[in-house]
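Asks: Those sequence lines, one after another, are chains A and B.
Residue numbers for the first sequence follow this note's numbering, beginning at 6 and rising by one.
Residue numbers for the second sequence follow this note's numbering, beginning at 6 and rising by one.
Hints are computed from structural coordinates only; laboratory data are not their basis.
Mixed in with the good hints there might be a few duds.
Remember, identical chains collapse to one label, so a pair may be satisfied in a single copy or spanning two.
[Claimed, not checked] Each computed DSBU-like pair below joins lysine-lysine, with the alpha-carbon atoms no more than 35 angstroms apart:
id	residue 1	residue 2
1	K34	K155
2	K287	K109
3	K216	K293
4	K293	K34
5	K34	K109
6	K155	K287
7	K293	K155
2 protein chains.
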Amino acid sequence: MALFSIGVDLGGTNFRAAAIGQDGSLLDKISGSTNSAGGRDAIVDSIVNAVVTLRDRRTGDQLAGTGIAVPGFILIEEGLVLGSPNLPALDNFRARDAFEERLKATVILENDANAAALGEKWMGAGRDVNDLVLLTLGTGIGGGIISDGKVVHGYLGMAAELGHMTVDLNGNPCGCGNSGCLEKHASATAIATMARHLSLGDNLSSEDVYKLAMQGNAGAQRVFECMGQALGLGLATYIQVFNFPLYLLSGGPLAAWDLFAPAMFREIERRSFNYRACRNIKPTRIEKALLGGDAGLFGAAYLPFQAMGSGA
Amino acid sequence: MALFSIGVDLGGTNFRAAAIGQDGSLLDKISGSTNSAGGRDAIVDSIVNAVVTLRDRRTGDQLAGTGIAVPGFILIEEGLVLGSPNLPALDNFRARDAFEERLKATVILENDANAAALGEKWMGAGRDVNDLVLLTLGTGIGGGIISDGKVVHGYLGMAAELGHMTVDLNGNPCGCGNSGCLEKHASATAIATMARHLSLGDNLSSEDVYKLAMQGNAGAQRVFECMGQALGLGLATYIQVFNFPLYLLSGGPLAAWDLFAPAMFREIERRSFNYRACRNIKPTRIEKALLGGDAGLFGAAYLPFQAMGSGA
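Isolated chain A (complex conformation):
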């Protein structure tokens, strides 16, 4: 009788769920619509049905529990979703209790970016370390911090809001009320917006800007240099603060690594003496994450194993 766990990555539009073995092997996978238009009950129904389906397909095996990665702020101990900008139906919802009542089994919630960081630690680029920071570059910038193998939550579940740290005193205005947030200078959205500043074309996506840069467009290349510089300043701060051995980046803009990484590393070199001091002893690693869009799924599935103390 093999032990397995179920991980769910709940997004604003779609969800994915997977049965994963204790060794990290992907046993089964389902995806579907979150049904967020139907409100709280419809969302819970979608997830519960998927979990039950995955569970029932594995009769004979033992379910360790279900981990659910949610895009929002979560009070972990209470299982309470404080707020979820992409799934407002879940605001102030005691989601863990609701899921557990329906499933009659252990459910653990986690913020989606934190789950992604945990997934990379368990089965991805961070397998060989206990401490890492993950930055996910997308519409915004999310983050997760793993310290001593565990997610750093903060006292109200709001730790690792890494996209909303100031990298430029008077930088671009941010919806959060600040100006100069990292995500306004280094996310996929920021790449597209900078291209608009340079009038490189209408409605360009960050991928379009990447293609332009690869075709030799100097403006598009400069966009990635600015993006790399902002990212480098942010990373330099984390390296000074944590002195962790590993910092991971994920998301669409990673395809443009060769375009932004030189500026990023120049900025880190200049702004972090920890980075320079460690180089001759054991270099600080800044690398691409490995699991892509599956990181949150693996992290969510790892949560029940970790809670049992049978994970690693």
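On the provided structure of chain A, position chain B as indicated by the hints.
Replies: Okay, now just chain B, sitting in the frame of chain A:
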């Protein structure tokens, strides 16, 4: 037979050592010259003599161990001082083994700012929390991070270099190679240097600037406003990163709290949505540290208790 521990705070010029009980009571105290001019052996002699004196005065009681706070980078597990700008004689010195050989007893080393943060957690302003950040404002800015009751070291003992994070892209040049480091905008030295920028007087100390500001000097008041703003940006970043319940400040400039705190809080409000979001649930606290210059001594003394698992 009471259990006690000995804490040592080793400075560039002087040291202090104390016998402290398991309940945090200060039992005995010695101070003296570090004898750094005499090199490594003279420094070790000074400390060993003080520890032996404190120990021998408590016959009948049981020594849990000795903790030594050292100003520098330390590989904790190896007990190796990698580098100490204020005590260069200790560079690349396996200090723990040297002390243990002389004392025939357990010795634990810790970075001085980390020890101060641990001291505040044990017996100071952080007694009621398990997670805090301490910033010590002096010639530079040092820092310590306590997570889950323990010092965050990083993989090479360089974590919490909080004074060397960028708060202004093109700010004041720093000896570390960066420009715009927090300590170049918010330390006691920075306060004095800003006063020089405004030609407020020759050879002013940060205390002189404070006195001028209290006498109504508008330039001196503006210095503290700039200092508070820089400090606020740094704290906003830590609050976004950690979401810890408590951030502590210590050092001489704390006397000027009323002059810099308004600008500091304005900046935190603006730049940290975590700070704003937590206010209605359980406010993030930013407060003065309580133990002053004794924080490192208490933190050092706590190390042996913590190692025994008999601390808190």
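Asks: Against this structure, judge whether each hint is valid.
Replies: Quick rundown of the hints versus the structure:
1. For the identical chains of this complex, K34 and K155 are intra-copy neighbours only, at 25 angstroms inside a copy versus 39 angstroms across copies, given an alpha-carbon limit of 35 angstroms.
2. For the homomeric pair K287 and K109, the shortest alpha-carbon distance between copies (32 angstroms) is at most 35 angstroms, but the shortest distance inside one copy (48 angstroms) is not.
3. Taking CA atoms no more than 35 angstroms apart as the test, K216 paired with K293 passes inside one copy only; the shortest distance there is 20 angstroms, against 52 angstroms between copies.
4. In this assembly of identical chains, K293 and K34 lie within 35 angstroms of each other by CA distance solely inside one copy; the values are 25 angstroms within and 52 angstroms between copies.
5. Taking the closest pair of Cα atoms, K34 and K109 come within 35 angstroms of each other only inside a single copy of the chain (21 angstroms); across copies the shortest separation is 59 angstroms, beyond that limit.
6. For the identical chains of this complex, K155 and K287 are neighbours both inside a copy (23 angstroms) and across copies (23 angstroms), given an alpha-carbon limit of 35 angstroms.
7. For the homomeric pair K293 and K155, the shortest alpha-carbon distances inside one copy (20 angstroms) and between copies (30 angstroms) are both at most 35 angstroms.
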